[in-house]
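*Asks:* Could you build all of it, start to finish, from the sequences and the hints given here?
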Amino acid sequence: MKITIKLIGPFIYAAGFSEKEFEAPRSATVESLLGLVGIERDRPKIVTRNGKAVGPLDELQDGDRVVISPLYSGG
Amino acid sequence: MYGWTGNILRIDLTTKTYKKESFSEEFAKKWVGGRGFALKILWDELKPGIDPLGPENKFIVALGPIAGIPAPNTGKAVVAAKSPITGGYGDGNIGTRVTEHLRKAGYDVLIVEGKASSPTYIYIEDDKVDFLPADEVWGKGTYATNDWIYAKYGKGVGVLNIGQGGENMVLYAVVRSLEGRAGGRPGMGAVMGSKKLKAIVVKGTKIIPVADPGQMKAIGTGDLKKVGAIDKQTGWSIQSTNGVLAWCNEVAALPVRNFRKTQHPDAWKIDGERLNAARIATYGCPNCTMRCGITIHDHEGRESELDYENIGLLGANLEIFDLDQVASLNYLCDDYGIDTMSAGCVLSFYADAIEHGATTGDFKFGDPERAKELLGRAARREGELGNLMADGSLRMARRFGHGSEAYAMQVKGLEVAAYNCKFIPGMALAFGTSPIGAHHKEAWVITFELKQTARESNGREKAAKVVELQRIRGGLFEYIVSCRFPWIELGWDLKNYAVYFNKATGLDWTLDDFWKVGDRIYALMKFFWAREIPGWDRTRDYPPMVWFDPANADKEGPIAGKILELDKYNELLDHFYDIRGWDKRGIPTKKTAESLGLDKEAGEVQKYTRLE
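Line order of the protein sequences matches chains C and D. In terms of our numbering, the first sequence is residues 1229 to 1303. In terms of our numbering, the second sequence is residues 166 to 777.
Negatives, chain C to chain D, calculated, CB over 12 Å:
(1) 1251
(2) 1254
(3) 1255
(4) 1289
To give an idea of the interface, some chain C residues facing chain D are shown, with a C-beta separation under 10 Å as derived from the structure:
(5) 1236
(6) 1238
(7) 1242
(8) 1246
(9) 1295
These are calculated hints, taken from the structure and not from any lab test. Virtual Cβ for every residue (Gly too), placed ideally from N, Cα, C.
*Replies:* Shown next, in the form of C-alpha cells:
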C-alpha cells in the first residue's frame, strides 16, 4: 500500500527529504514507518495521520498521509 | 543580597530628574524580577482608572537575578505598563543588550514616569542619566533611529526605541531593540510614545553581584556551549520556529482568511523550508546559542527578520503566499514599531468585515500592496480609517457593528497569535485565560492536546496543562527573565534554571518555590483586572466567539464539521478556575490570596469587588 510521509522542520534535513510516497506492507504500523525515515525512535515527536495524532502501534491504511514533527512550543 | 543589584532607577520625564532607590530582600524573594517586579510596582503605584496614555502611567523595564549573566538565553528584559489596548496589566519580553548594561549600571528595574515636553531620549551611563533631544529622529522608523544611536554611542550599547507607531500611540505599538527584536505587544511602544520618549540607551560598566561568581561563570558559559551543541545536533534552528507553519497546516490549526479556514494548499510557499532556502543571515538575542531570527530579502530588497507568528498572521491569515511580500509587510511593521501579530489580525479583520458587509472598503485578502498602504496609514493614524485601524480589531468591530465583534480575533482587546483554535479547546483556553490578552507565550498546549489527549476532550487534564505551562512559561521565564526556547524546544532541564538562580543569589530554591511565585503573579494580574474593570466576569476569559459558531466549522479536512462548544468551554474554564483557586468569575478567592501572601492586595481589591 502507498503511504505519504511529510516531515516537519529539522526532520527534513535529518532524513534528506520533505515529502515522499512510500510503498509499505499491509500490516505496517506507525513505528515501522519511523524506521524507514531514519529518525531516532527516542527523539520527542508527534505523529499525525490525516491530521489526527496516532501512536506507534497504530496500523496504517492505503493512502494515509503521515506527518512527523518535533514537539514545538509555538513561535 | 546577591543576584539582585537591589536598586531601582526612577526617572521623571516631566521634571527631568532621577533617583536611585533600593528594594528589600523580602520584595526580591516574593516577586523575583521581571514580570513580578513590574506587576507589583504598577499595582502599588498606579491609581485605578488612569489613562494608559497619560503621564500617570509608568513605563517599566524589569530584569531578574540571572538576567544578563552569561548563561543560556538570559539576554532578555521585560517591558511593562498599564496597557492601552487592553486596559489591564501589560508586558512583553524583548531580547536586548539593555539587560546586561542596566544590570552593570547597577539596576534591576527602570521606572519611567511623567511626560517630556518635547521628543526625548534617555542616556544612562552607570550612575548618570542624561535627558537629550530626539527631534532629529522623531517621525523616523526604528531602523533609522537605531542607526542614529549607534552612530553616537557605538554598537555595543543597549537600546530600546520606538517607531512612528509608538509616537502616534498605535495601541499595539511595540518596543524595538537590536534591529530585529520586538517586545511589549499590548502597546508598550505606545506608552513610550505617549511620554515622548523615543529611546532608552544604556551603558553599564560595573560588575553584576552574584553569590558564587566562579561557579556561576563556569556553569553558565559551559551550559551556553551545551545548548548550542544540542541545537546543532537536533537542527532546530535550521527553520527555528517556522517549522510550525507546515505542521499547523497539516493538523488544521493554521490561521487562514481571518481564521475562517485552518488549512491552505499554498501554505508550503511560505513555510520553513522556503524561508531557510531564502535565508541571508541569522540573528539572536544576547547570550543565545540557538538563534531564531532568520532574515531574507523582502519584495523591495530590504533585509527582514521573520519568525512563525509573523508569517502566520501577515501571510497565511491574509492569504498572501509570496514570502518576499510577507517579508515586506513584516519589515514595515518592524520599522513602524507595531506588532506584526496584531497588525496581521487588524488587516484580516478589515478584509473579513468588508466581505461580510459590516463595512465598506476596497481591501481584499491576498493583496500585499494595499496591505502595505494600510499599515502605513495605521502607523501614522492617517485619516479616519488609519486612526481606526491603529486602535485594534476590537474597537474597529465596535465601530462597524453588524455582529463583527464575533470575528475580531482578540481576547481582552489583544489580538490572538497564529494558532487557529476553532477545534483546539485547550489552546483556546490558553488564549482565553492569558492574563495580558491573547498571547501564546503564556501557555502553548497544542502538541500536548493532540498527542496526549483526545482533541475534542474538554477534560480537566487540559486545564491542568494550561496552568502547568503558565507556571513555567508565563511564570518562571517571565520573572527570572530568560528565554523559554532551550527548555521547550531542546529539552534543557528546568532544574538548570534553579541552579543558575541559586548560584546567583546564594539561595537554595527548588522548582516548587518557583511555582508559588508564578501563582502569586497570576493572581495579582487578575486582581489588577478586577480593580480596573468593575463587574469583571468570566466572559472576559472567552476566546473569539467565531470559534463557537457552527457556520464557521471547516467544510473539509481533519476537523470538518467540528467547532468549539460554549458550554463545554465553560466546563474547561471551571476546571481552570478550580485548579487556580479562583471563583466562578475568574477572580482569586480570599483563601487563595492568603495562601499566596496577597492579604494586603486582597484588601485593596475588595474596595472594587467582593472576594469569595
